[in-house]
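Colleague: Quick mapping for you: the protein sequence lines, in order, are chains A and B. At position 198 of the first sequence the residue is numbered 198 (full-length UniProt numbering), and the sequence of numbers has no breaks. At position 123 of the second sequence the residue is numbered 123 (full-length UniProt numbering), and the sequence of numbers has no breaks.
If you are wondering where the hints come from, they were derived from the structure by calculation, not from laboratory data. Be careful, since some hints might not be right.
Listed next, with one range per pair, are the computed distances between beta-carbon atoms [stated by the list, open to error]:
#1 85(B) / 168(A): 20 to 28 Å
#2 181(B) / 197(A): 24 to 32 Å
#3 232(A) / 53(B): 23 to 31 Å
#4 104(A) / 39(B): 48 to 56 Å
#5 85(B) / 298(A): 53 to 61 Å
#6 48(B) / 196(A): 41 to 49 Å
#7 298(A) / 177(B): 44 to 52 Å
#8 261(A) / 229(B): 47 to 55 Å
#9 48(B) / 202(A): 31 to 39 Å
If you want the footprint, here are the derived chain A segments under chain B, 3+ residues with CB under 8 Å [claimed, not checked]:
#10 135-142
#11 250-261
#12 289-300
Glycine included, every Cβ here is placed at the ideal spot set by N, Cα and C.
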Amino acid sequence: MMASLAPPSNPSRNLVTNPRTKAPFQIAKTHPISDLLLPFRSIHTQLKLSTGTTSEKRLTTAQAVSERVEEGTTMAQGGENVKLLGAWASPFVIRTRIALNLKGVDYEFLEEVFGVKSELLLESNPVYKKIPVLIHDGKPVCESMIIVQYIDEVWATKAPAILPADPYDRALHRFWAYYVDDKLFPSVSAISRAQTEEAKAEAMEQVFAGLKLLEEAFQKCSKGKGFFGGDTIGYVDIALGCILAWLKATENMTGIKFFDEAKTPLLAQWVERFCANDAVRGVMPETDKMVEFAKMLQAKFKAAASAK
Amino acid sequence: MATAEKGVALLDVWVSPFGQRCRIALAEKAVEYEYSEQNLADKSPLLLKVNPIHKKIPVLIHDGKPVCESMIIVQYIDEVWATKAPAILPADPYDRALHRFWAYYVDDKLFPSVSAISRAQTEEAKAEAMEQVFAGLKLLEEAFQKCSKGKGFFGGDTIGYVDIALGCILAWLKATENMTGIKFFDEAKTPLLAQWVERFCANDAVRGVVPETDKMVEFAKMLQAKFKAAASAK
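Chain A with its partners taken away, still in its complex shape (with noise of 0.2 Å):
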């Protein structure tokens, strides 16, 4: 039973040292749970792992871990066993990152390999098969806000509060985070596709009149501090901060400008400090990485469009 368990041999894992010990760290000893999941992770991840390019992140989170194992403290707070299953370029992902990271939980990053679906996440969110899963203690949260919200509950008393205490802020909320998803994203999703400069346009039309009615929303939500959620980062600086690195991708792309001081000032300015935000800075990817993974989408797409 215990040799099935054991961590198959890679001698490469030893690449991976303990920052405080200078010890080879052993994967397999961060939970058993790891033990297990080793056979789901994915190629990518593993190999990302064995070349020594693992993240600050991960070298945080697996020092941080690693250390508890060995002073056998008692798990934290909301248990230790934290994973995210996600892909560094999906803003859905993102959010539920900025939210883990505002409550300053430690977790491991699971990168999904493009175009292809891990075991564990066909496991972990068979209805929808996407990403992101929060995977607490074994047990699987899917849909980005339902994670954030989830994130807010269980690391209740870890300052800041995601979402607001009154219940009639909270759904003021609710709502603006469900437009974001209901017509915002989806008309900025048109841009992309619109296949003549007339579609393409209109579409822009939708959104900047999208934009135009988040500013309103930051005017009511933040009552006249620096975000939706007052002095810190809440519920709705997430759901729509998370798209910034490629509406940024797309103003390099296309020349439009999405954020203008002139037509919604309070949000350039919002844009600016949301992305300098400790909790956004490193999950938030840089222009030119989405500049090029846009490119990459859009050949694609052409490529499947003209296949047809």
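Got chain A sorted already, so can you dock chain B onto it with the hints?
Modeller: Below, chain B without anything else, positioned relative to chain A:
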């Protein structure tokens, strides 16, 4: 009118399943409110004022402040009247996430597939739409098992978030069964849901606010006639 300063008002339309969600939640919490039937063909200035973005019902107006979107209203009711039993969302964060997921699924996948039946122009399209609905109900049967933990509702002993999200469509489904002969809730295919349907419809919070089947049939026929007229006018 309660729309002014104090009190609770609901702008709604009697046939709307989304409106029914709010009515059921208000009944569960025994909240007194003023019901205001709206005319969607000629929207009132009040409706346009309180929901300028979507211009839709239901809208809950509480002490003059509007809340829009049915499941957001349901959560609002649950939170404002949190001290009144029963709780609509469960207490545990994981269970809450589960209930929110299935309510989202109902709006995102199930209800659109139900609408697709009515909109289907050919027998083929209709059969396909029905397949989608049955597949969805099968998933919800499994969801019921997970959420109910052996009790009578998704919410356990009492009507909860998913019960409200899903149950509001039952009047419409019963009318459709009546008119088409399709049996949506088959004891053989989805036994838990089939029993849940009877239990839900018999519940006190539901009985007073859900339209009767024959009234729904009448309404559905009227809609069908309109739809056909519009289609042939093109």
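Colleague: If I claimed the Cβ atoms of residue 261(A) and residue 229(B) lie 47 to 55 Å apart, would that claim hold in this structure?
Modeller: holds (51 Å)
Colleague: A range of 48 to 56 Å was offered for this pair. Does it hold for the Cβ distance of residue 104(A) and residue 39(B)?
Modeller: Given a distance of about 52 Å, which is inside 48 to 56 Å, the answer is holds.
Colleague: Quick check: the stretch 135-142 of chain A, covered by chain B? Criterion 3+ residues, Cβ under 8 Å.
Modeller: holds (count 4)
Colleague: Within 53 to 61 Å: is that where the Cβ-Cβ distance between residue 85(B) and residue 298(A) falls?
Modeller: holds (55 Å)
Colleague: Between the beta carbons of residue 298(A) and residue 177(B), is the distance compatible with 44 to 52 Å?
Modeller: holds (47 Å)
Colleague: If you check the beta carbons of residue 48(B) and residue 196(A), does the distance land in 41 to 49 Å?
Modeller: Violated: the Cβ-Cβ distance is about 33 Å, outside 41 to 49 Å.
Colleague: Counting residues of the stretch 289-300 of chain A that have a beta-carbon nearer than 8 Å to any beta-carbon of chain B, does the count reach 3?
Modeller: Three-residue rule not met by the stretch 289-300 of chain A, so violated; n is 0.
Colleague: Residue count check for the stretch 250-261 of chain A against chain B: does it reach three with CB-CB under 8 Å?
Modeller: violated (count 0)
Colleague: Does 24 to 32 Å hold as the CB distance between residue 181(B) and residue 197(A), or does it fail?
Modeller: violated (50 Å)
Colleague: For residue 48(B) and residue 202(A), compare the CB-CB distance with the range 31 to 39 Å and indicate the outcome.
Modeller: About 24 Å separates the Cβ atoms of residue 48(B) and residue 202(A), which means 31 to 39 Å is violated.
Colleague: Within 20 to 28 Å: is that where the Cβ-Cβ distance between residue 85(B) and residue 168(A) falls?
Modeller: Once the Cβ atoms are compared, 22 Å apart, the range 20 to 28 Å for residue 168(A) and residue 85(B) holds.
Colleague: Please test the hint of 23 to 31 Å on the beta carbon pair from residue 232(A) and residue 53(B).
Modeller: Since the Cβ atoms of residue 232(A) and residue 53(B) sit about 26 Å apart, the hinted range of 23 to 31 Å holds.
Of the numbered hints given earlier, the model fails hints 2, 6, 9, 11 and 12; all others are met.
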